[in-house]
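K.L.:
From the two separate chains plus the hints, produce the assembled complex.
Going down the list, the sequences are from chains A and B. Counting in the working numbering, the first sequence runs from 1 upward without gaps. Counting in the working numbering, the second sequence runs from 1001 upward without gaps.
FYI, nobody ran anything at the bench for these hints, they're computed from the structure. We treat Cβ as the ideally placed atom computed from N, Cα and C, and that holds for glycine. Hints are not guaranteed to be accurate.
Said to hold, decoys possible - Covered stretches of chain B, going by a simulated chain A footprint (3 or more residues, C-beta under 8 Å): (1) 1017 to 1031; (2) 1078 to 1087.
What the hints assert, rightly or not - Calculated cross-link-like contacts (lysine-lysine; reagent style DSS-like; alpha-carbon spacing at most 30 Å): (3) Lys1005/B / Lys377/A; (4) Lys290/A / Lys1011/B; (5) Lys1075/B / Lys290/A.
Unchecked claim - Some chain A residues flagged as far from chain B (calculated, every beta-carbon gap over 10 Å): (6) Ser86; (7) Arg87; (8) Arg91; (9) Gly285; (10) Arg323; (11) Ala342; (12) Gly452.
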Amino acid sequence: MNRNNFLIHLALAIVLILIAAFAGQLNKWRKDWKSHVPRVVPAADKKRASTSTDIALAESKLNARPEVLVKFKPGVPLDAIEEITSRFNDRVEDRIENDPGLESIDDLDNADPAETVAQYSALPEVEYAEPNFEIELDAVETALPPIHPSDPRFEDQWALANSGQRGGKQGADISAMHAWLTTTGSDKVVVAVLDSGVDYTHEDLAPNMWKRPANIEAYHDDELGTIDDEDGYNAIDNAGDPMDENGHGTHCAGIIGAEGGNNVGITGVNWKVRIMPLKFMNAGGFGTTKDAIEAINYVIDRKKAGVNVRIISASWGGTQRSRALQEVIQQAYENDILFVAAAGNSSVNNDRSPHYPSSYPNVLSVAALDRHDQLAKFSNYGLKSVAIAAPGVDILSTWLGNAYEEKSGTSMATPVVAGVAALIMAENPRISVDQLKKRLLASTDPIIALKGKIATGGRVNAAKALQ
Amino acid sequence: MSLSKEDAVEKARKDLAQRLNIDAGAIKESVEDADFPDMALGAAEDDEMSGQMITSGWRIRLDANGKNYEYRADKNQVRLYKYKGRNYRI
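If we strip away everything but chain B, and leave its shape as in the complex, we get (with noise of 0.2 Å):
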């Protein structure tokens, strides 16, 4: 399934509202277009390899609490960034 820069900013927003127990309406967001170092999006998690091919995507940051997290999306995929030290794939 091929997803849109909607479809991926709904999947973050949702998880993202899951993992800090709030509604998702309370989260603020932005979304720009990104080229990502590989196919993982920069964001592999662990034991996972991937292909080294600029992959063009979209970088959705959120505010939540008065915190910022970033999200990465392609129409292959959304992952979370770096979150508490790690990276998710939604």
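Pulled out of the complex, with its shape left as it was, chain A reads as follows (with noise of 0.2 Å):
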């Protein structure tokens, strides 16, 4: 090689080395700006995506993901699907039995997604077919090592984090210890809790518990007079004590606030909040229409007083229709306090046998599911008058007497949901309650057995909802 040839040899090297270094360079640019948006992909996609340590909590919550959902036709036997997936060399991953027909299917070649779903599509048995979509988590989920709180009953708290305790599902919760990297909650939410009465001198809840500031005046209505809210208002004998009896309110208000990180029972979804207990339940757990809506009432007269109280949770109802009832959760709506409610426990289509309060209009309707992300056997649902899901079954809480029990309803799914609108709230003060509404509603996680049975389909997400 003479001299000349040498040269160019050499600046041809260094050339593409830097060719290859700037190539690298923008590899890196695309992967940090990707990490950073919100995206969606197959299930799929995400089996043969990276696995570095950034996305192993995602990878860990998608590993044996189906590929594809197949809906077959209305009389298409089940040995029938066997036959079909076995020719396509893949399996029947789970039978979505509230939904006949409806297959989640594993593709054993791994093909693309897209691929599969045309497959299926075009056999006559089959009405539809759709890849496995799954929301990836994003950078604040992935990068940060999740927030663990101290309170030493946290690792019963399965819808906070359910890690596979007790035979549950990995991942089937409500992302709370990625939520708490953006927040913990504040003392300066208030939450309304309607309901029995709260025991306030509960040790995980005393510190949480509302009371009223000493520049706002007692509570006094026209009809009942002046009464001494200090502590929170009992409808039931139109008093100032509103101590629970029952201890339904108390379990609802620990899903919501229950001190986080004390070393003491549990946390609530809200490690800081204000609790305002409002009873209109007796003893047994029940009540009067009319006091729920008096409870109702002195909400919106607190908050045009000047407490920043902008959610209602609501762990109860009936099948008796009220306009009273419904035109005061309507006047809260326009003071822009949220209304959320339980959906009901009849295991009964909301759509076609209304269940109220959480069958009106302006109110946030709560589904329950199990700790398998199945809706319970005993939640009502609805299409159109079901809105979210959050986890009911087997929820452990505060209780009367410095107590803890696992209790299960619609009543635990309703706060977890007001407890996660309190978080948006602690990060966004004047948030209005159409922009909380939505924002808890586009932020869920799609559930299957949810497809076709409530509004969004999902289980509210607290990391998704704060992003």
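P.N.:
Here it is, written out as structure tokens:
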């Protein structure tokens, strides 16, 4: 090689090295940009994604997820479905019992989901096929280690962090530990728990109970007179003492805001918040429509007086329609207060058999999920009338006398959603009720069992709601 | 006051005897543990709202004059379920 040839080769080598280095940097920039932008990807893509540590959690949640959802036409027998999947070298990953014909199919070839969807869509036996989309966890959820509170019974709170304890499904939770990277709540946010009152002396609740500020006058109603509402309101006795005699209200309050990180008992969705206790249900756990109306009216009055009460959690209901109750809930909405209510526990479709107050307009109706991400067997549902779902089976929370108990019902799912709403408010104090509702509904995790059952088809996700 | 199962059955028998104007001794009974959908035991009266929490209690079936009657109870209450189309808290 003469001197000229050597220099040409050297120059070429340097150029090639520079091009390679620049391409690598471009790729890094692209990855950095992508890691800050949430995106929807098919589950199959997730399986083939990078195995770097920052998506380890995403991988653990998504491994073994099926590839496509296929709805077979009515009348196609199971053996025919299995013959088809076998022919395509696929297998039925899960059968959606509540939606006959809907199969979750695992593609053993790991082919492109779009191709698999096209393959199934072309069959005369198939009504529709679609990829199993998953919302990818964003940088906030993956880049930092999640926050683990010091509360000793946190491990039993599967709704907040489902690690698969007691046979549950890992990741079937509201992503609370990632939400807490953004906020653990605020004592500026007041949530009204409209219920059987609250044991405001409970050691895990007392620090987070609302007290009427000194600069706000005692509650006055023209008919009821003046009531010293320092600790809340009791609509049964028209008095100021909202002490719970049942336990239901105390349980709901703990779900929203048992003090977190205090080395005691459990943590609420909010570590810090202000619980305004309202009592309209008696020791038996039931009450009258009139007293519910009085209590809602109280909340509106306190809001007008300057209390930052923006959320009412209503874990109760019945089948009797009341125009008066509907109107006062409408008044709450017009005063920028979000009303969250239990969908009911009769396993019925609320679109056909309404449940109140959850079926009234401007109410966020909540269904219950179990630890396997299945609609709780008791939970009401309704594509038009039920908005969102949350964990509501075997939920550990505070009980009378510094105790803790596990309870089930849409009663328990409702304060989970109210609690996430409070976290959003902690980060966005000026958010309107419409924006708050929109944010809650737009950030759910899609759940197969909820498809076609409730409006969003999803479970509330606190981390995504805070993005 | 917290009701025992025996208290609840006794209360139900007494109520039915009064409604039918018969001797309580003529009423046959069977009792089973049950989970009810809400805190009104799935037997809310008109204008009643209840906590939507699954509630454990007892289903009390009484038989009198050849007819069956269902009462529902827990430690807090006894209710007559769908008697002539309506629910009653006893």
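K.L.:
All hints, please: hold or fail.
P.N.:
Hint check results:
no.	hint	result
1	1017 to 1031	violated (count 0)
2	1078 to 1087	violated (count 0)
3	Lys1005/B / Lys377/A	holds, 27 Å
4	Lys290/A / Lys1011/B	holds, 29 Å
5	Lys1075/B / Lys290/A	holds, 25 Å
6	Ser86	holds, 41 Å
7	Arg87	holds, 45 Å
8	Arg91	holds, 36 Å
9	Gly285	violated, 3 Å
10	Arg323	holds, 13 Å
11	Ala342	violated, 4 Å
12	Gly452	holds, 23 Å
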